[in-house]
Amino acid sequence: GQNIDQPTEMTATEGAIVQINCTYQTSGFNGLFWYQQHAGEAPTFLSYNVLDGLEEKGRFSSFLSRSKGYSYLLLKELQMKDSASYLCAVIMEYGNKLVFGAGTILRVKS
Amino acid sequence: GAVVSQHPSRVICKSGTSVKIECRSLDFQATTMFWYRQFPKKSLMLMATSNEGSKATYEQGVEKDKFLINHASLTLSTLTVTSAHPEDSSFYICSATSDYGSYNEQFFGPGTRLTVL
Chain A
1 GQNIDQPTEM TATEGAIVQI NCTYQTSGFN GLFWYQQHAG EAPTFLSYNV
51 LDGLEEKGRF SSFLSRSKGY SYLLLKELQM KDSASYLCAV IMEYGNKLVF
101 GAGTILRVKS
Chain B
1 GAVVSQHPSR VICKSGTSVK IECRSLDFQA TTMFWYRQFP KKSLMLMATS
51 NEGSKATYEQ GVEKDKFLIN HASLTLSTLT VTSAHPEDSS FYICSATSDY
101 GSYNEQFFGP GTRLTVL
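Sequence order for the protein chains is A and B. Numbering follows my numbering, in which position 46 of the first sequence is assigned residue number 46; successive positions increment by one, without gaps. Numbering follows my numbering, in which position 24 of the second sequence is assigned residue number 24; successive positions increment by one, without gaps.
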């Protein structure tokens, strides 16, 4: 089976830095995505990692360690609008299917 | 670019009726479309994968006679929830991908909120 674990909820303060972790055990692996989803809306793409290391894109960075089955999403200079659910998803080699974690609800407080 | 639309955005229907949801890729040809459902505060669960011109591949536990999927063209896939019941109430999201895209990224539609009374 496929197993992707993320913390259920996190709270952080506006202007701070927060790290959302994701561990995975899947039968295949062709990369890992992070998505942001606001309530009642579709997920929006944040990042994609397929090689080990850190990918930086503005206030958002994502890290991958394939040997450890581990990724994290780092959000800097938090803003109130960053309050959302953050989904970690592994794309499988066969059929390009995405397997999602349960998502981490991030609450940013002032 | 890479815009996916869904219609309707919300639908309320009576138990026993059928509901059709459309998913369109507006500015690219989608070789593959995916259908997900999402319960409140839960993650997306893949229901089926559809490729243009062929039968959809359903995930384990998803009734293919209940959730009819048609991918008639490279820009349109439809999901029909047949004889809907209250337990089918959910948020249904489609995504589309293209062989020409980068790293097989899936582009998501805005979702359809189905409420069955």
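There could be a bad hint or two in this list.
Covered by chain B, per the in silico footprint, the following chain A stretches (three or more residues, Cβ under 8 Å) [said to hold, decoys possible]:
| no. | region |
| --- | --- |
| 1 | 13-26 |
| 2 | 96-103 |
In the SDA-like style, the derived pairs of lysine to any residue whose C-alpha atoms are separated by at most 20 Å in a straight line are [stated by the list, open to error]:
| no. | chain 1 | residue 1 | chain 2 | residue 2 |
| --- | --- | --- | --- | --- |
| 3 | B | LYS14 | A | GLN36 |
| 4 | B | LYS42 | A | THR13 |
| 5 | B | LYS41 | A | ASN96 |
| 6 | B | LYS14 | A | PHE60 |
| 7 | B | LYS42 | A | ARG107 |
| 8 | B | LYS55 | A | GLU41 |
| 9 | B | LYS41 | A | TYR94 |
| 10 | B | LYS55 | A | ASN96 |
| 11 | B | LYS64 | A | GLU9 |
| 12 | B | LYS55 | A | ILE105 |
| 13 | B | LYS42 | A | ILE105 |
| 14 | B | LYS64 | A | THR44 |
| 15 | B | LYS55 | A | ARG66 |
| 16 | B | LYS42 | A | GLU9 |
| 17 | B | LYS20 | A | THR8 |
| 18 | B | LYS42 | A | VAL50 |
| 19 | A | LYS81 | B | PRO110 |
| 20 | B | LYS41 | A | GLU9 |
| 21 | B | LYS55 | A | ALA102 |
| 22 | B | LYS42 | A | HIS38 |
| 23 | B | LYS42 | A | GLN36 |
| 24 | B | LYS42 | A | TYR94 |
| 25 | B | LYS41 | A | ARG107 |
| 26 | B | LYS41 | A | THR11 |
| 27 | B | LYS42 | A | GLN2 |
| 28 | B | LYS20 | A | PHE45 |
| 29 | B | LYS42 | A | PHE45 |
| 30 | B | LYS41 | A | MET10 |
| 31 | B | LYS41 | A | GLN36 |
| 32 | B | LYS41 | A | GLU77 |
| 33 | B | LYS42 | A | ARG66 |
Hints in this document: simulated from the structure, not taken from any laboratory. Here the structure is a predicted model, which is why all the values come from computation and not from measurement. All residues carry an ideal CB built from backbone N, CA and C; glycine is no exception.
Cross-check of the supplied hints:
no., hint, result
1, 13-26, "violated (count 0)"
2, 96-103, "holds (count 8)"
3, B/LYS14 x A/GLN36, "violated (33 Å)"
4, B/LYS42 x A/THR13, "violated (24 Å)"
5, B/LYS41 x A/ASN96, "violated (25 Å)"
6, B/LYS14 x A/PHE60, "violated (44 Å)"
7, B/LYS42 x A/ARG107, "holds (16 Å)"
8, B/LYS55 x A/GLU41, "violated (28 Å)"
9, B/LYS41 x A/TYR94, "violated (28 Å)"
10, B/LYS55 x A/ASN96, "holds (17 Å)"
11, B/LYS64 x A/GLU9, "violated (34 Å)"
12, B/LYS55 x A/ILE105, "violated (36 Å)"
13, B/LYS42 x A/ILE105, "holds (10 Å)"
14, B/LYS64 x A/THR44, "violated (28 Å)"
15, B/LYS55 x A/ARG66, "violated (34 Å)"
16, B/LYS42 x A/GLU9, "holds (12 Å)"
17, B/LYS20 x A/THR8, "violated (33 Å)"
18, B/LYS42 x A/VAL50, "violated (25 Å)"
19, A/LYS81 x B/PRO110, "holds (19 Å)"
20, B/LYS41 x A/GLU9, "holds (11 Å)"
21, B/LYS55 x A/ALA102, "violated (29 Å)"
22, B/LYS42 x A/HIS38, "holds (13 Å)"
23, B/LYS42 x A/GLN36, "holds (14 Å)"
24, B/LYS42 x A/TYR94, "violated (24 Å)"
25, B/LYS41 x A/ARG107, "holds (14 Å)"
26, B/LYS41 x A/THR11, "holds (16 Å)"
27, B/LYS42 x A/GLN2, "holds (16 Å)"
28, B/LYS20 x A/PHE45, "violated (27 Å)"
29, B/LYS42 x A/PHE45, "holds (18 Å)"
30, B/LYS41 x A/MET10, "holds (14 Å)"
31, B/LYS41 x A/GLN36, "holds (13 Å)"
32, B/LYS41 x A/GLU77, "violated (26 Å)"
33, B/LYS42 x A/ARG66, "violated (26 Å)"
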